[in-house]
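**Q** Sequence:
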Amino acid sequence: MAMEQVTQPAQRLERPKHRRKMPTEANIFLVLIGIALIFELLGWLLVGQSFLFNRQRLVVMILQVSVIGIISVGVTQVIITGGIDLSSGSVVGLTAMIAASLAQTSDYARAVYPMLTDMPVLVPVLAGLAAGAVAGLINGSLIAYTGIPPFIATLGMMVAARGMAKWYTRGQPVSMLSDNYAAIGSGIWPVVIFLVVALIFHIALRYTRYGKFTYAIGANMQAARVSGIDVGRHLIKVYAIAGLLSGLAGVVLSARAISGQAGMGVAYELDAIAAAVIGGTSLSGGVGRITGTVIGTIILGVMTSGFTFLRIDAYYQEIVKGVIIVAAVVADQYRQRKRRKA
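Residue numbering for the sequence shown follows this note's numbering, starting at 37 and increasing by one per position.
No lab work stands behind these hints: they were computed from the structure. Please read all numbers here as calculations on a predicted model, not as lab measurements. Every residue gets a Cβ at the ideal spot worked out from N, C-alpha and C, and that includes glycine. Treat the hints with care, since some could be wrong.
[Unchecked claim] Pair ranges (Cβ atoms, derived):
1) T182 to I224: 24 to 30 Å
2) R91 to V170: 27 to 33 Å
3) N256 to N63: 22 to 28 Å
[Said to hold, decoys possible] For lysine-lysine, the following BS3-like pairs were computed, each having C-alpha atoms within a straight-line distance of at most 30 Å:
4) K273 to K248
5) K248 to K377
6) K248 to K374
7) K202 to K357
8) K357 to K374
9) K202 to K248
Model the full assembly from the supplied sequences, consistent with the hints where possible.
**A** Okay, here's the thing in structure tokens:
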């Protein structure tokens with residue numbers, strides 16, 4: 037009898053079993069499915085057509101978001117460190133101009149560099165990547181060694197890079213690009229490039245020291261310094277990678293358009309940030325995954341394609357997109373408060 041009295045309270049003190057929570061990516065994926073089903077329903081009610089079961093529409097949608105997706109992979113890493121990159125769209129425009137100017141054919145009498153026409157396709161690609169990486173290095177160096185807030189440093193680069201893109205050819209488009217260069221943006225290649233980039237950095241963030249340092253800096257920069265991480269050097273590396281991916285996006289975009297234009301990439305940085313935030317990346321730093329960003333990018337594509345499908349004016353599209361971005365940030369703040377209380 038005494039033994040029963042002792043064991044019963046002990047059993048009551050056992051730790052309660054917690055239910056396993058669904059991963060953030062799973063919740064975001066459910067949101068994606070919900071949005072797609074809403075457009076499918078509205079399509080039958082308002083247009084009399086299916087939204088999801090149209091292969092051509094889906095292919096165009098995926099191709100459209102692939103460039104944003106490439107940028108968003110780099111932007112996600114920046115945000116995880118607790119920073120921000122407002123320059124990616126302008127860097128896309130600048131790198132598109134530089135790469136396209138080195139991909140022109142000798143048949144064009146008004147080539148930017150008449151002596152550098154018919155170059156191997158690797159030359160313009162490397163030039164675009166290098167230009168993007170340099171822009172990222174400048175961003176990272178300003179943030180790491182001068183103490184300038186990331187918002188200000190990348191804002192300055194946003195304005196400067198856009199001005200350089202316009203100055204490069206005095207605002208004239210760069211056309212007559214080689215077939216080998218144009219092939220980079222043809223067919224399904226932009227999507228393949230996006231998915232390969234996402235896979236590479238998903239692995240890097242989850243399984244390498246680079247990823248551990250990135251999350252550590254975003255979670256607590258001072259603690260990261262104390263633990264021996266060279267925060268300044270790592271930030272330069274992260275921003276350089278973000279710039280490199282913006283350069284890659286500029287190459288893909290100019291190859292797809294078979295032209296380089298100074299106005300390319302306008303507001304792409306906002307879409308990239310939106311994709312990352314919708315995908316669960318916290319603006320407070322230290323939280324985020326590439327898989328979530330990929331789903332967030334697709335959500336933006338579904339929304340844009342769905343609004344166009346329903347013949348909704350672009351003005352309303354921007355309003356709704358802004359509301360969704362704010363809602364995603366509010367949800368992130370709620371998750372952060374809940375995590376701190378826990």
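**Q** State for each hint whether it applies.
**A** These are the hints, each one checked on the structure:
Taken as a hint, the range 24 to 30 Å is violated for the pair T182 and I224, whose Cβ atoms sit roughly 43 Å apart. For R91 paired with V170, a C-beta distance near 40 Å fails the hint of 27 to 33 Å. For the pair N256 and N63, the beta carbons lie near 26 Å from each other, so the given range of 22 to 28 Å is met. Our distance criterion of 30 Å between C-alpha atoms is met by K273 and K248, whose separation comes to about 14 Å.
Of the pairs offered as hints, the one joining K248 and K377 holds, with about 24 Å between alpha carbons and a cut-off of 30 Å not exceeded. Between K248 and K374 the alpha-carbon distance is near 23 Å, which keeps this suggested pair within the 30 Å criterion. With a C-alpha separation of about 28 Å, the suggested pairing of K202 with K357 holds against the 30 Å cut-off. Distance restraint check for K357 and K374: the Cα-Cα separation of roughly 26 Å lies within the 30 Å cut-off, and the hinted pair is therefore satisfied.
At roughly 39 Å between alpha-carbon atoms, K202 and K248 are farther apart than 30 Å, so this suggested pair is violated.
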